[in-house]
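Visitor: Take a look at the letters that make up each chain.
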Amino acid sequence: MQLDAADRQLIDSYQRGLPVCERPYQAMAQTLGLTEDEVIERLSALKAQQVLSRIGPVFEHSQAGASLLAAVAAPPEKMDRVATQINLAPGVNHNYAREHTYNLWFVMTAPDEHTLDERLDELERKLRLPMLRLPMIKGYHIDLGFPIDWEALP
Amino acid sequence: MNMPLRQAGTTPGPNLFKTNPVSPWGLLRLRQQLEQGLPLTPRPYQTLAEQTGLTESQVMEAIEQWQEQGLIKRLGLVVKHRTLGYNANAMVVWNVPDEYVAELGARMAKVPFITLCYQRPRQLPDWPYNLFCMIHGVSRDRVRAQLKGLIADFGLADIPHSVLFSTKAYRQRGGRYVSHG
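Residue numbers (UniProt numbering), protein chains in the order written: chain A, 1 to 154; chain B, 1 to 181.
To be clear, the hints were calculated from the coordinates, so they are not data collected in a lab.
Computed from a prediction, not measured in an experiment: that's the story for all the values here.
Please note that the accuracy of each hint is not assured.
DSS-like, lysine-lysine: derived pairs with alpha carbons at most 27 Å apart [stated by the list, open to error]:
| # | chain 1 | residue 1 | chain 2 | residue 2 |
| --- | --- | --- | --- | --- |
| 1 | B | K148 | B | K110 |
| 2 | B | K73 | A | K138 |
| 3 | A | K138 | B | K148 |
| 4 | B | K168 | A | K47 |
| 5 | A | K126 | A | K78 |
| 6 | A | K78 | B | K168 |
| 7 | A | K126 | B | K148 |
| 8 | A | K126 | B | K168 |
| 9 | B | K110 | B | K73 |
| 10 | A | K126 | B | K80 |
| 11 | B | K148 | B | K168 |
| 12 | B | K73 | A | K47 |
| 13 | B | K80 | B | K110 |
| 14 | B | K168 | B | K80 |
| 15 | B | K148 | A | K47 |
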């Protein structure tokens, strides 16, 4: 998707450090030479176009609650159905098909470890598929707010 | 529930409760609302205040304090890279000798095209890999070239690895630790 210069500038400037003040969009507008209305309209449009998933805080997993990366090996012809079942389980926030015997990879979150284990046990029973449970031991770099390489994009 | 801002009287945050007591339920509701994102109203913190029963200044103080404490990692625009044309997403997993994993993880973390990097446990015999890194790239060819360069630069030819390209996103959204759904 092609974005105009102002949209790119919004993204380049505010993947982090969104102002915490009474009129944050006005503060952003002043920095970028736009009006407050323009900033709000552009952000709404970018959300509607699925360029942004949200304006907001990204919580630190380890502090925000419990989470875990899990994977199952679904029979290829049943992948969509298994993926739907996974999405129905509470707390699933990422779920991707990947090219591997373990072909469905998802992140499950919960308020605490105990609830997380219960949710995973329940899902494992429902799916009747062996599940890899891969909690994080150590994060070396966890931040998807990397600079967008506009030149490289199609 | 791991709530960094606890009820006044137990272990209050350093600044938040000096003046007015803040409702712990209000703070929980604020966490729930924030997991959905900041409202696109001219005064979003006031909107959040109305939704949570807190005051606008309590909302702003809580958010600032959560940022200082690291509960909020960043506050800003959350991009859906796939929409922008990052069409190739590879999870590259490595079976690294345990004594070497911390050093290699720290080095990989500094590589610009590696967007996530972490250590997870092996689950033998099915899953021998203990170091994960993610590459968000514009095409598979480009990702493969980046990976080839990485293996050459870091001398990883002897480290078994596997590349798991994603083929479909069934769900991609922020974590909802305290809100429902």
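Visitor: Check the hint pairing K138 of chain A with K148 of chain B against an upper bound of 27 Å on the C-alpha distance.
Guide: holds (25 Å)
Visitor: Holds or violated: K168 of chain B and K80 of chain B, Cα atoms, limit 27 Å.
Guide: Status holds; Cα separation ~14 Å.
Visitor: Check the hint pairing K148 of chain B with K110 of chain B against an upper bound of 27 Å on the C-alpha distance.
Guide: Status holds; Cα separation ~17 Å.
Visitor: Given the hint that K148 of chain B pairs with K168 of chain B, does the C-alpha gap stay at or below 27 Å?
Guide: holds (24 Å)
Visitor: Starting from K168 of chain B, check that the Cα of K47 of chain A is at most 27 Å away, please.
Guide: holds (20 Å)
Visitor: Quickly compare the C-alpha distance for K148 of chain B and K47 of chain A to 27 Å and report which way the hint goes.
Guide: Violated, because 35 Å separates the two Cα atoms, which is more than 27 Å.
Visitor: Regarding the pair K126 of chain A and K80 of chain B, is the alpha-carbon distance no greater than 27 Å?
Guide: Outside the cut-off at roughly 31 Å; violated.
Visitor: Do the alpha carbons of K78 of chain A and K168 of chain B lie within 27 Å of each other, as the hint requires?
Guide: The hint holds at about 14 Å.
Visitor: Are the Cα positions of K126 of chain A and K168 of chain B separated by 27 Å at most?
Guide: holds (22 Å)
Visitor: Given the hint that K73 of chain B pairs with K138 of chain A, test it: the Cα-Cα distance must not exceed 27 Å.
Guide: Roughly 16 Å separates the two Cα atoms, so the pair holds.
Visitor: Compare the distance between the alpha carbons of K126 of chain A and K148 of chain B with 27 Å, and conclude whether the hinted pair is satisfied.
Guide: violated (40 Å)
Visitor: For K110 of chain B and K73 of chain B, compute the direct alpha-carbon distance and say whether it is at most 27 Å.
Guide: With Cα atoms ~18 Å apart, K110 of chain B and K73 of chain B stay inside 27 Å; holds.
Hints 7, 10, 15 from the earlier list are contradicted by this structure; the remaining hints agree with it.
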